[in-house]
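**Student:** Residues per chain are reported as follows:
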Amino acid sequence: MRVNLTVNGRPQQADDVWEGESLLYVLRERMGLPGSKNACEQGECGSCTVRLDGVPVCSCLVAAGQAEGREVVTVEGLAEFARRRAGDTASGVRGGADASLDAARRWQAGGTDSQTGENIELAPVQQAFIDAGAVQCGFCTPGLLVAADEMLEHNPDPTDEDIREALSGNLCRCTGYEKIMDAVRLAAARRSEGATT
Amino acid sequence: MDFLRPASWEEALAAKAEHPTAVPIAGGTDVMVEINFDHRRPDVLMDLGRIGDLTEWEVGEDSVRLGASVPYTRIMENLRTELPGLALASHTVASPQIRNRGGVGGNLGTASPAGDAHPALLAAGAEVEAESVRGTRRIPIDAFYTGVKRNSLEPDELIRAVHIRKAEGPQQFSKVGTRNAMVIAVCAFGLALHPGSRTVRTGIGSAAPTPIRATAAEEFLNAALEDGGFWENGKIVTPSAVKRFADLCSAACNPIDDVRGTADYRRHAVGVMARRTLTWTWESYRGARRTTEGAA
Chain A
1 MRVNLTVNGR PQQADDVWEG ESLLYVLRER MGLPGSKNAC EQGECGSCTV
51 RLDGVPVCSC LVAAGQAEGR EVVTVEGLAE FARRRAGDTA SGVRGGADAS
101 LDAARRWQAG GTDSQTGENI ELAPVQQAFI DAGAVQCGFC TPGLLVAADE
151 MLEHNPDPTD EDIREALSGN LCRCTGYEKI MDAVRLAAAR RSEGATT
Chain B
1 MDFLRPASWE EALAAKAEHP TAVPIAGGTD VMVEINFDHR RPDVLMDLGR
51 IGDLTEWEVG EDSVRLGASV PYTRIMENLR TELPGLALAS HTVASPQIRN
101 RGGVGGNLGT ASPAGDAHPA LLAAGAEVEA ESVRGTRRIP IDAFYTGVKR
151 NSLEPDELIR AVHIRKAEGP QQFSKVGTRN AMVIAVCAFG LALHPGSRTV
201 RTGIGSAAPT PIRATAAEEF LNAALEDGGF WENGKIVTPS AVKRFADLCS
251 AACNPIDDVR GTADYRRHAV GVMARRTLTW TWESYRGARR TTEGAA
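Protein sequences appear in the order of chains A and B.
The letter at position 147 of the first sequence is residue 147 when you use this note's numbering, and the numbering goes up by one with no holes.
The letter at position 90 of the second sequence is residue 90 when you use this note's numbering, and the numbering goes up by one with no holes.
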C-alpha cells in the first residue's frame, strides 16, 4: 500500500508498504532516515521515539498506515523543529512546527548533508548532550533527544523527578543516566538563562 | 494482509461485520508487538485512529463515558477527580510514549490478566459499551473477562467506550514490579470505597487467569464496616478486620509461577496491597469526613 505523510516538514510518500509494517521501518528503510533506532520492537527501549502530530511515541508500535496524513518529526529534523519553535515562541505562537503545506514545501534541511546533519546547527538539547558528555555509544541518544526536547517544550524548568519520569521510557546501557540527567538540566538552565538575558 | 481505515464508527462496524477476523488497532502498543515478533499475522488490520469520538470522553451525572482510545496520558491529566483509581493505574502504564498511544479499549480488547486498567475498572464499577451492526450492548465489567486474554466480545463487535462510575469516595491502586516504569505487573490491586452504598469494591490483576474481584473479602469487609458503624463513626478499622480482609483477598487469587514471580509471592503481595490500599483509602475517607463535620 501507499502511505503519505509529512516527515520533518517535508511531504513524503512510500510505496509498496507492507500492511503490518511499522512507521519505524518506513522511516529507516524507505526514507533513508536511520536516526530513529530499531532495538526492542516492543516499546520497551524508546530508541525509536519520534513525534507523531507533536506527541512522543514509539515509532516501532505505530503501523505505517496509521501515520497516513500525519506529521512526524525525527531526530534528523529536531534542530530545525527547535529553531522554528523558538521563532514561533518569539512571535507569540507556542509549540509545534508550522503545519502549512506551503511552508512544508519550502522546507530545506540546512548544512551539507540532510541525512547525517553534518555542519548544521544543533537543537539546544543536542548541544547540551554533547557538552555534558551524555553520548557514549549513541544508540539511545536519538530517542532521548526527542523525548527530552518534548519535555522541555512544555516544562522548561523540570525537577529531577520530572526528567526521570519523562525519560523513563528510554533505556541507555552505557552512561548510566547521570550524564543524561546533567545534559537535560544543562539544556533547561541554558534556556532559562537565555530567557532572562 | 489488508489494512482498513474506516473514517467513521459506522464504517468500522460494517467492516468488522464483513471481516470478523479483522484485528482492530488503535494505540498499537499490543497489536504491533505481536506483529513485530511474528506472533500474529492477521488477515485484516483495521485502524481505528481516524474515528475521532473514540478519543473523547463525557463526564455524566453518575459515570464517565470514556472513549475506547482515550490515551492513558489524557486520563491522568483530565480525569483524576472523577476516576482517581483509573488515573493512578494509568500512571503506572509503561512509559510516556506508551501512555500517549495506549488506552483502556485496547487493555480490554487484549484482556491480559496483567492489564493495568482492569483492577481499577473492577473496583470502581464499569460497563463496556460493545457495538456491532446488530446493535449496542453494555457488558458489566465483572462479566467481561472470560479467560486468559479472552473476553466476552462477539467476533463482529467492537469496543466503543467504557462507562465507569464516578468516584464518590477515595480510591487506590497498587502494583508490584521491579521498577516504577516499563513494568508488566507481577500483581496489582485496586480498591474503591463507595460511601453512598456503603460498600467496598476490589480488583486484582495478574494473580488469576483473569482480572477478578475479591468478592468474599468485599462481603466480609462490608459486613464488618456496617456492624461496627464505621461509615458513620469514622473510626479506624479494627486491625483484625483489616487482616482478615487482606487474607481473604490473598485467598481470592489463583496465580501461577512465571518469570515475573511465584504464585506464593503473588498471593502474599496481594494481601499486603489489600491491607495498604484499605488503610490509605480509609484514612482519606476519615480525613474528608472530619473536614466536612468541622465545616458543618
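Because the hints were derived from the structure by calculation, they are not lab data.
One thing to keep in mind: the hints can contain errors.
Residues from chain A that face chain B, not an exhaustive set, calculated with beta carbons under 8 Å [said to hold, decoys possible]: (1) Ala39; (2) Glu41; (3) Gly43; (4) Pro56.
Covered by chain B, according to a simulated footprint, are these stretches of chain A (three or more residues, beta-carbon under 8 Å) [claimed, not checked]: (5) 13 to 23; (6) 59 to 70; (7) 161 to 170.
Derived CB-CB ranges, DEER-like [unchecked claim]: (8) A:Asn155 with B:Asp62: 27 to 37 Å; (9) B:Val272 with A:Asp160: 48 to 58 Å; (10) B:Ala216 with A:Gly138: 54 to 64 Å.
All figures in this text were calculated on a predicted structure; none of them were measured in a lab.
Note that beta-carbon positions come from the ideal geometry of N, C-alpha and C, so glycine has one too.
**Student:** May I ask you to test the interface hint for A:Glu41 with respect to chain B, counting a Cβ-Cβ separation under 8 Å as satisfied?
**Tutor:** OK, holds: A:Glu41 within 8 Å of chain B, min 4 Å.
**Student:** Please verify the coverage claim for the stretch 59 to 70 of chain A: does it have three or more residues whose C-beta sits within 8 Å of some C-beta in chain B?
**Tutor:** Check passed, 7 qualifying residues.
**Student:** Return holds or violated for the Cβ distance of B:Ala216 and A:Gly138 against the range 54 to 64 Å.
**Tutor:** holds, 55 Å
**Student:** Tell me if the beta carbons of A:Asn155 and B:Asp62 are separated by a distance inside 27 to 37 Å.
**Tutor:** holds, 35 Å
**Student:** Taking the closest Cβ pair, is A:Pro56 under 8 Å from chain B?
**Tutor:** holds, 5 Å
**Student:** Test coverage of the stretch 13 to 23 of chain A by chain B using CB-CB distances below 8 Å; three residues minimum.
**Tutor:** As far as the stretch 13 to 23 of chain A goes, the hint holds, because 4 residues have Cβ atoms under 8 Å from chain B.
**Student:** Less than 8 Å between beta-carbons is the criterion; does A:Ala39 satisfy it with respect to chain B?
**Tutor:** violated, 11 Å
**Student:** When you take the CB atoms of B:Val272 and A:Asp160, is the distance between them in 48 to 58 Å?
**Tutor:** Since B:Val272 and A:Asp160 have Cβ atoms about 29 Å apart, the given range 48 to 58 Å is violated.
**Student:** Should the hint that A:Gly43 touches chain B count as held when the rule is a Cβ pair under 8 Å?
**Tutor:** holds, 5 Å
**Student:** Apply the coverage criterion to the stretch 161 to 170 of chain A and chain B: a residue qualifies when its Cβ sits closer than 8 Å to a Cβ of the chain, and three qualifying residues are needed.
**Tutor:** holds (count 5)
This entry does not satisfy hints 1, 9, going by the numbered hints stated previously.
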